[in-house]
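Each chain is listed here by its residues.
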Amino acid sequence: MSKRSNEPFLWMLFSAGGVVSALLMPIHLFLFGLAFPLGWLDAPSHEKLLAIVRNPFARVYLFVLCSLPLFHWAHRFRFTLYDGLQIKHLNELINVFCYGGAVVGTAIAAYLLWAIA
Amino acid sequence: MINPTEYLPRTYQARVSTYWWLKRWAYLKFILREASSVFVAWFVVVTLLQVRAIASGPAAYAASQEWLRSPFILALNVVSFLFVLFHAITWFNLAPKAMAVRVGGKRLPNLAISGPQYIAWAVISAGVAWILLRG
Amino acid sequence: MANRITLEVTRYNPAHDEKPRFESYEVPLRKEWVILDALNYVKDHLDGSLSFRWSCRMGVCGSCGMTVNGVPKLTCATFLTDYAPGPVRVEPMRNFPVLRDLVVDTSDFLVKLGKSKPWIIRKVEKPLDEEYFQTPEQLDEYKQFSMCINCMLCYAACPVYGLDPLFSGPAAIALAQRYNLDSRDEGASERMDILSQHDGIWGCTFVGECTKVCPKHVDPAGAIQQYKLTATMEWLKALVLPRGTGGE
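Chains as they are written, first to last, in our numbering: chain A, 1 to 117; chain B, 1001 to 1135; chain C, 2001 to 2248.
For the record, the hints were derived by calculation from the structure and aren't laboratory data. We put the beta carbon where it would ideally sit given N, CA and C, even for glycine. Please note that the accuracy of each hint is not assured.
As the list claims (entries may be wrong) - Simulated coverage check for chain B against chain A, where a stretch passes if three residues somewhere in it have a Cβ under 8 Å from a Cβ of chain A:
1. 1006-1012
2. 1033-1044
3. 1076-1090
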């Protein structure tokens, strides 16, 4: 009788990140990555954006937007490296790189969003 | 595994090629779907850089706007947008497979699960756009 | 339409050959023929040494799975005319060791199927004269997964199984779900211990090819994703209630 894997925890993070990326990222990427730089729509002024990021709810929203998708990437990329490139002997390294990277990114996001004046 | 015998000295086991994912369109689509996660992570980086620029003041913000207009970054973001869109669509379409919801003894059709997600996607996107674009 | 078509068939004799090679056979192109008919024509008239598995020739026994033009198919259910003017490439199922010609060693699948405990597990068996009652709705919950004919086309299609020999594979997990969802079964927890592992359900990355090639529309990919959801719920329950609910 083997102990059940703790993979569900990682799968939940992956799923949550997948939902956040699917629902929120397209519009954000469209606006900030395409529409504003290309001038299709007027970019909001700096004062307005500063006011938005100062708002505590906005900061929580941005934290979710920046951390969960990283865990989504970590899980998917880990399996892609594992299966796609057949380098499963580097299993430990892959896990550290992927999930560690997501943790580091989350910490950076937390710091940046916390430290807004 | 069958032990070798006089009449069956060995079996043949094909090695899986490193390029197995190029052999069939379905496999390539799968790998592209998985690769979309890289572009998702890239946009997190872009967002964090934007947040940092906004927090640092108008000059930093203007510089980040310039950076986003540079050809290479713009091209990368076009590609990223397409991949993120691909991720969203494949995600909403696959979600019903994981959820066998039964109502009154019959399983709900896939659209009953994916439909609301598409609607939520539209509503949320409109909401975000409104917050950012209103005067 | 021409009345002949060429088959390019894998030949492999382990006593002589280092690796498989192809041999071409020209067979009649009859509109009602399937690939299996063409192979039997080769064996009857052209080359009696060609070896391949088949039995029912009507898509219920699961014996005749092979790779046709790169796609896993039941050769008794695949029409020759679909490949006109040809040539048609017939190879053994992928991801299994080749014993000879088109015959593969399926013992790995049988081991993995056994791991899933694909039978009704009861804590206490009912006496022989007592029935297990089941409503049509209860039957409906698992019926789709019970249609599996163990043809292993899903294993041939699954890239994860090809890359990771330890992976349990689509059919074994779908059949575990078939019993988990059966109202007469009480073995879900036992199967969860075995399958909620990396070489069980968590190795699956939802490529979805298994469902695409399944000739009986079992949807093993769906079964696995549902199983992942169930396993996650169980994991959360165990987190919140470490001693369990006192039941299992």
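Right, here's what the structure says about each hint:
1. 1006-1012: Per the Cβ count (0), the hint is violated.
2. 1033-1044: Holds: 8 residues of the stretch 1033-1044 of chain B have a Cβ under 8 Å from chain A.
3. 1076-1090: holds (count 8)
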